[in-house]
Amino acid sequence: MEEGFSLKRWLTTTNHKDIGILYLITSIYFLIAGGILALLFRVQLTAPGMDFLEPSKFNQAITMHGLIMVLWVVSPMAFAFANYFVPIQIGARDLAFPRLNALSYWLYLFSGLLAVSSFFLPGGAPDVGWTVYAPLNTAKYTPQPGMTLGGLALLMLIASITIGTINFIVTIVRMRAPGITWRNLPMFTWSILLTVIMMLFAFPPLAVGIILLGADRILGTMFYTSVEGGDLLWEHLFWFFGHPEVYIVLTPALGILFEIVPTFSRRPLYGRKFILGALSAATLISFLVWVHHMFNTTVNPIIKKIFSASTIAISLPFEIVAVYLIATMVGGAIRFRTPMLFALGSITLFIIGGFSGVYNASIALNYALRGTYWVVAHFHYVMAGTVLFALFAGLYYWFPKMTGRMYSEKLGKLHFIISFIGFNLLYFPMHFLVDMPRRVYTYPADTGWTIFNQIATVGSFIFGLSTLLLFINLGRGLVSGPVVGANPWKGWTLEWTIPSPPPAHNFDALPDMSKGVLMFNGAPMPPGPKEHHTILPMTLSLGAAILFLGLVVALPLALLGAVILAVSLAKWFKDDILDRFAAPEGERGERWPFEGVGKEKLGTWVFLTSEIMLFGSLISAYVYVRTRSAFWPPSPQLHDLGIGLLNTLILLTSSLTMALALEAIRNGSLKDLKMWLTATLILGLGFLGIKAFEWSKLAAEGFIPSANLPAATYYVLTGAHGVHVAAGLVAILYLILKARAGGFSREDHSAVENTGLYWHLVDIVWVFLFPLFYLI
Amino acid sequence: MASELSPWTTQWMSLFNLFTTIAFIVGAVVFGFMIFTILRYRYKEGRSEPSDAPQPGTVPKDRGKPLLLFALSMTTLTIISTLVIGTFGAFDFLLNPPIKAPEDENALVIEVIGFQWNWRFKYPNGVETVGELVVPANKVIIFKVTSIDVKHKLGIPDFKIGVDAIPGYDNEIWLQPMKEGEYWIRCYELCGVGHALMAAKMKVVSESEFESWLESMSGGG
Ligand code: HEM
Ligand SMILES: [Cu+2]
Ligand SMILES: [Cu+2]
Chain A
190 MEEGFSLKRW LTTTNHKDIG ILYLITSIYF LIAGGILALL FRVQLTAPGM DFLEPSKFNQ
250 AITMHGLIMV LWVVSPMAFA FANYFVPIQI GARDLAFPRL NALSYWLYLF SGLLAVSSFF
310 LPGGAPDVGW TVYAPLNTAK YTPQPGMTLG GLALLMLIAS ITIGTINFIV TIVRMRAPGI
370 TWRNLPMFTW SILLTVIMML FAFPPLAVGI ILLGADRILG TMFYTSVEGG DLLWEHLFWF
430 FGHPEVYIVL TPALGILFEI VPTFSRRPLY GRKFILGALS AATLISFLVW VHHMFNTTVN
490 PIIKKIFSAS TIAISLPFEI VAVYLIATMV GGAIRFRTPM LFALGSITLF IIGGFSGVYN
550 ASIALNYALR GTYWVVAHFH YVMAGTVLFA LFAGLYYWFP KMTGRMYSEK LGKLHFIISF
610 IGFNLLYFPM HFLVDMPRRV YTYPADTGWT IFNQIATVGS FIFGLSTLLL FINLGRGLVS
670 GPVVGANPWK GWTLEWTIPS PPPAHNFDAL PDMSKGVLMF NGAPMPPGPK EHHTILPMTL
730 SLGAAILFLG LVVALPLALL GAVILAVSLA KWFKDDILDR FAAPEGERGE RWPFEGVGKE
790 KLGTWVFLTS EIMLFGSLIS AYVYVRTRSA FWPPSPQLHD LGIGLLNTLI LLTSSLTMAL
850 ALEAIRNGSL KDLKMWLTAT LILGLGFLGI KAFEWSKLAA EGFIPSANLP AATYYVLTGA
910 HGVHVAAGLV AILYLILKAR AGGFSREDHS AVENTGLYWH LVDIVWVFLF PLFYLI
Chain B
13 MASELSPWTT QWMSLFNLFT TIAFIVGAVV FGFMIFTILR YRYKEGRSEP SDAPQPGTVP
73 KDRGKPLLLF ALSMTTLTII STLVIGTFGA FDFLLNPPIK APEDENALVI EVIGFQWNWR
133 FKYPNGVETV GELVVPANKV IIFKVTSIDV KHKLGIPDFK IGVDAIPGYD NEIWLQPMKE
193 GEYWIRCYEL CGVGHALMAA KMKVVSESEF ESWLESMSGG G
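Note that the protein sequences, when read in sequence, are chains A and B. Using the working numbering, read the first sequence as starting at 190 and increasing by one per residue. Using the working numbering, read the second sequence as starting at 13 and increasing by one per residue.
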């Protein structure tokens, strides 16, 4: 493979370590961007009546600060480490799908650039807070195109995250070396597994929230401007995502602590099993507490009570985590190197942030806490404190592994001390601003808030500038730090058993931990793909970004983007048909509980799970607005049952032909395969054709998306389904092309099977939509 | 209590103090444990490695007794129950205003309508004000809070009370202000460029002052 700093290497790499580095650098870039925004609005808040940022600019700054930090900084930085170290910790050569991993990265980068570029559009960036409440988020109140662009950027990021989720789940389940059992799996990898599981279920509802918002803004529907949907519909969708999201951000950070604290206190993690139990419980409960962000709304009091209790109870698993981390150090010989200092700082801030969280969870106290700086203090202690400090700890911890060189310990300690002081100066005073509304660009002088704001602003500059020490330190270390060996910290996990920096292929032979110690039994590493470089993930993402930008600013640009996207996709298919990136799975270790499920199939299952969440959320939104509507004409009055039945029949038949296609290739008949695939293709096209006819007929009658909620839900849900049918047809077209090239055989036809699974799911979704829109 | 602002405020304060007391106790224990551990087990010259220290390429021993888990869970559950009971008590208090019916003569129902960027207050007799709310002391004021444009949150920080103003919904909350004076009402949900300035005054006056104020307002048309 190509080495060194050639641009080509970085644009085309699919190696997990390269991509880890790209994630790291990009997340640091966004950290700086988000940090500068924060300093700007801290200046504005230094004194009452400041005139530094005008209100609209201020609102843009806080909104983009929040979105960037939550979505484009803390999680991606954790996934920089996940990319780099999860494959090594499980004794693998790479992730399960290296090209998709590259695609995740490029979608992430371009989505972030897209979001940031909204500042340069007329009217500027989104300015409604990172929670984007309705109906402020609709075109009536925020007409600027930057809002729409922000939404599209988020959808792109969600695509990146979904792909990453599939990749990590399949990798961790199926690619562990012998002996890396679930019991022996390193805690960082465990935490990433739990994180991606949460991501899988949390992001589709957000996607639905944004899709409905996009419909409102572009098609003029009334999901968020109507009373039936409105603020509450958005809040349910957003917080069903939003609460798990904060654990998505937290969990990898804890994973880093679980690596660092034992290593530097020289003792095994205390109560590892209990910690895993606690974290798994928290993962589950994270989906059962979202209403605690809606305690001041009109939600039913009984429900509020349940959610108040569940939220207070969720502090138990986290308390266990914190206490066990401390208990780990008992009896140790603790070395206060920089990573350990940051880890201890992280634990400290975690405990403080946990306390204020419990206050928030009290449905009674919450009446006066929601919307104030108290909440700002709370979530910065956990997100900016616990998480960022743990990420910095990880950065110092793994820096020698990634570069082969050591940073300066003195500068590192200085960085810790200054940033810790700066952090607390910045956020602790906010606890005393419990009466001050958050997101205000100015405040009156007679309230006594000034002094706390001033301390916070001073703290913000100390904290912000202290990061320069990190950059200087790592920069100097990279160029001239002392060379280190494989294991400067005496860590146990596999990354410490290979050279620093690791070779491209990680291990020379397949590691084996069956006896609890690392051995090499002479088994070779399962082979990787023939190729390690492709520009297509980059061009595909670029095409998508240009397409989205074009949709918002200039349609010809969108066309250009669409062309780039289509060409990249076609070339990607061609690479696949030629099998240029195929890599056999090979023998490895435990794969329970998915032994018999190949990696593509498992990946498909994971993907289908996210699709189920997507349609589940769409249908929930439909049920929500329909049950809240005083009047909703029964479906038969709106839609032609005959057409609906016909289309149902067509789609069900296409499921049959798809099954026959699989049967054909199982019997080794390429000819029959092609025939049945073509039949499926034609049926699918027929379905879409009839759908188009039905739509145009309805539209001609005035039943257009913006007419009313029955129309809006109809077009959005059947439209989302139609897009899935269309995507399925593209996949079937690819299968036909590959079949014509003789690309399938009796033994090797997983793409047919997996496309079939997808196709059946899309049909099943229709089986749910049909009664909703034609029968009841 | 003569000096109390309102019964709810007293409840809120004592609940807040309960949470704070517990936070301080738990914090003292946990941070005490942490500081002790860090100092006691820090590496010193001559201190040998623990026998089970992590070694490269070796799965660390599992350790940790269920006892700690049990003790920790039991204490925490006790604490959690205390907090939940206190919370539910205060919450129930707020769900049940001390009046028999909204028409109760001790109650005053005020419609509050948030808009970009101020508050409109509607009295039962049709009087409307913007940016200024006048209420009699000692009466139970029932706020029916809504919004005509985007979401806002009505907050009266001195009284530790607030509730969302959601378009299309009436969100009810009550308050029994006991002390005459002037207090701020602010918006606690980002609602656009004017959010920071969306403040109103709440004047708590004596019953008779209130009557004459209302009189003058309705008379003046
Ligand atoms: C003991 C554990 C925790 C509890 C009981 C808790 C509870 C809460 C509650 C009830 C709220 C809603 C406050 C309100 O707006 O009225 C809240 C807000 C928030 N929490 Fe936590 N929390 C905990 C830990 C965490 C962690 C670990 C994170 C992130 C790493 C986090 C991030 C946030 C964020 C970002 C918000 C504010 C969202 C917004 O309105 O912008 N919390 N928390
Ligand atoms: Cu939450
Ligand atoms: Cu506001």
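There's no promise every hint is true.
Label pairs and their computed distance ranges (CB to CB) [unchecked claim]: (1) B:LYS134 x A:ILE606: 52 to 58 Å; (2) A:LEU477 x B:GLN67: 39 to 45 Å; (3) B:ASP182 x A:GLY238: 34 to 40 Å; (4) B:PHE127 x A:ALA743: 49 to 55 Å.
In short, the hints are calculated from the structure, not lab data. All C-beta atoms, glycine included, are put in the ideal place defined by N, C-alpha and C.
Structure-based check of all given hints:
no., hint, verdict
1, B:LYS134 x A:ILE606: 52 to 58 Å, "holds, 57 Å"
2, A:LEU477 x B:GLN67: 39 to 45 Å, "holds, 40 Å"
3, B:ASP182 x A:GLY238: 34 to 40 Å, "holds, 36 Å"
4, B:PHE127 x A:ALA743: 49 to 55 Å, "violated, 36 Å"
In terms of the numbered hints stated before, the structure departs from hint 4 and from no other.
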